[in-house]
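**Q** Quick mapping for you: the protein sequence lines, in order, are chains H and F. Numbering-wise (this note's numbering), the first sequence opens with residue 1 and increments by one. Numbering-wise (this note's numbering), the second sequence opens with residue 1 and increments by one.
It should be emphasised that the hints constitute simulated quantities derived from the structure, not laboratory data. Values in this document were obtained by computation on a predicted structure and should not be read as measured data. Don't take each hint at face value.
Not everything, but these chain H residues come out facing chain F in the computed CB check (under 10 angstroms) [as the list claims (entries may be wrong)]:
| id | residue |
| --- | --- |
| 1 | S9 |
| 2 | A12 |
| 3 | A17 |
| 4 | M18 |
| 5 | L25 |
| 6 | L29 |
| 7 | W41 |
| 8 | Q77 |
| 9 | E87 |
| 10 | G104 |
| 11 | R106 |
| 12 | D112 |
| 13 | A121 |
| 14 | E129 |
| 15 | I132 |
| 16 | F136 |
Glycine is no exception: its CB is placed at the ideal position from the N, C-alpha and C atoms.
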Amino acid sequence: MVGDKTNPSCAATCRRAMLLLALALVPALFTAWLHPKRPAWSWTRPTVTELPLADAERLTPPVIWLDARPDEEYAAQHVPGALSLNEDRWEELLPKFMAVWQPGVRVVVYCDSQRCDASRAVAVRLRHELRIDNVFVLQGGWRTWLEAHKP
Amino acid sequence: MNGLTRILRFLAGGIFLVAGVLKVLDPARFAADIDHFRLLRYFAVAPLALYLPWLEIICGLAVFVGAWRRSALLLLLALTIVFIAAITSAWMRGLDIRCGCFGAASTAPLAFDLVFDLVLGGVLVWLLRVESRPESPRKA
């Protein structure tokens, strides 16, 4: 593999590197099998429907708005009535959402702007981990909402 | 072999060990972090999220074991180069994402992670050079 005669340990180094690569497979397989927070696997990326602001605001009530931005941004300002649900404190915030959610309720998740991915991630987790349908992502996020609701 | 080498070795091994453990705590979250980079096909994301943290942990530990050190440092350097490329790519595409380098503890902006990984890569190269140097002059 490595025919460097001036350094006799090269082949041994590569062999050990291969062994380390193989060794990591063992606990990884156990993690895939037993970990309570193992990732869901699928061939294709789960899709979530994006809604433009006008459509999101026209959804038939009841609608829950979810703010997927970090705590400090939610604390500073958020869509009136929106609940906070971000991945940083998922376990703590989820019960607050579940306390108000009921089957049939529509959920609109937003993060900062068009470029952020947090709202999509939260929406996918709600769909796949909690089997909640009617979850939408707000196109353009908080910045678009703010722009449309300027005083 | 001097004190600085020992400290850098301890830091490099320790950083990967801690980073791996933090990610192993929540592989689903790490999978989401990897996916946000939009660099891999979706079917590869979950397996990588399960495997990569353990590779970091095992190599981080192997840095402390004499005979395995060079192999571990090489693998960690390869990982760091991949991380630097991924972060640079995300940064250039203007993605507003977290690095996910330290699991749930990752809150810093991407630029910070990029600088951190560049320094870490430098340390690994330096450690590898020390490791490749013969202990005492000897004939081939």
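**Q** All hints are to be evaluated individually against the structure, with a verdict given for each.
**A** We went through each hint and held it up to the structure:
With a cut of 10 angstroms, the hint placing H:S9 at the interface with chain F holds, because the nearest CB-to-CB distance is about 7 angstroms. Because the smallest distance between the Cβ of H:A12 and any Cβ of chain F comes to about 8 angstroms, under 10 angstroms, the interface hint for this residue holds. Evaluation of the H:A17 hint against chain F yields a held restraint, the C-beta minimum of about 4 angstroms falling below 10 angstroms. The criterion of a C-beta within 10 angstroms of any C-beta in chain F is met by H:M18, whose closest approach is roughly 8 angstroms, and the hint holds.
The closest approach between the C-beta of H:L25 and any C-beta of chain F is roughly 7 angstroms, which is under the 10 angstroms cut-off, so the hint is satisfied. Annotation: H:L29 was flagged as interfacial toward chain F, and the flag holds, the nearest CB pair being 8 angstroms apart, inside 10 angstroms. The restraint placing H:W41 at the interface with chain F holds, with a minimum CB-CB distance near 4 angstroms, inside the 10 angstroms limit. The closest approach between the C-beta of H:Q77 and any C-beta of chain F is roughly 18 angstroms, which is over the 10 angstroms cut-off, so the hint fails.
Among the interface hints, the one on H:E87 holds; its C-beta lies about 6 angstroms from the nearest C-beta in chain F, closer than the 10 angstroms criterion. Interface restraint check: H:G104 against chain F, minimum CB-CB distance 27 angstroms, threshold 10 angstroms, status violated. Because the smallest distance between the Cβ of H:R106 and any Cβ of chain F comes to about 23 angstroms, over 10 angstroms, the interface hint for this residue is violated. A distance limit of 10 angstroms between C-beta atoms decides the matter here; for H:D112 the minimum to chain F is near 6 angstroms, and the interface restraint holds.
Annotation: interface hint on H:A121 holds; nearest CB of chain F at approximately 5 angstroms, less than 10 angstroms. At a threshold of 10 angstroms, the smallest CB-CB gap from H:E129 to chain F is about 8 angstroms, leaving the interface hint in force. Checking H:I132 against chain F: minimum C-beta separation of about 16 angstroms lies over 10 angstroms; hint violated. Among the interface hints, the one on H:F136 is violated; its C-beta lies about 18 angstroms from the nearest C-beta in chain F, farther than the 10 angstroms criterion.
When the structure is compared with the earlier hints, violations turn up for hints 8, 10, 11, 15, 16 and for no others.
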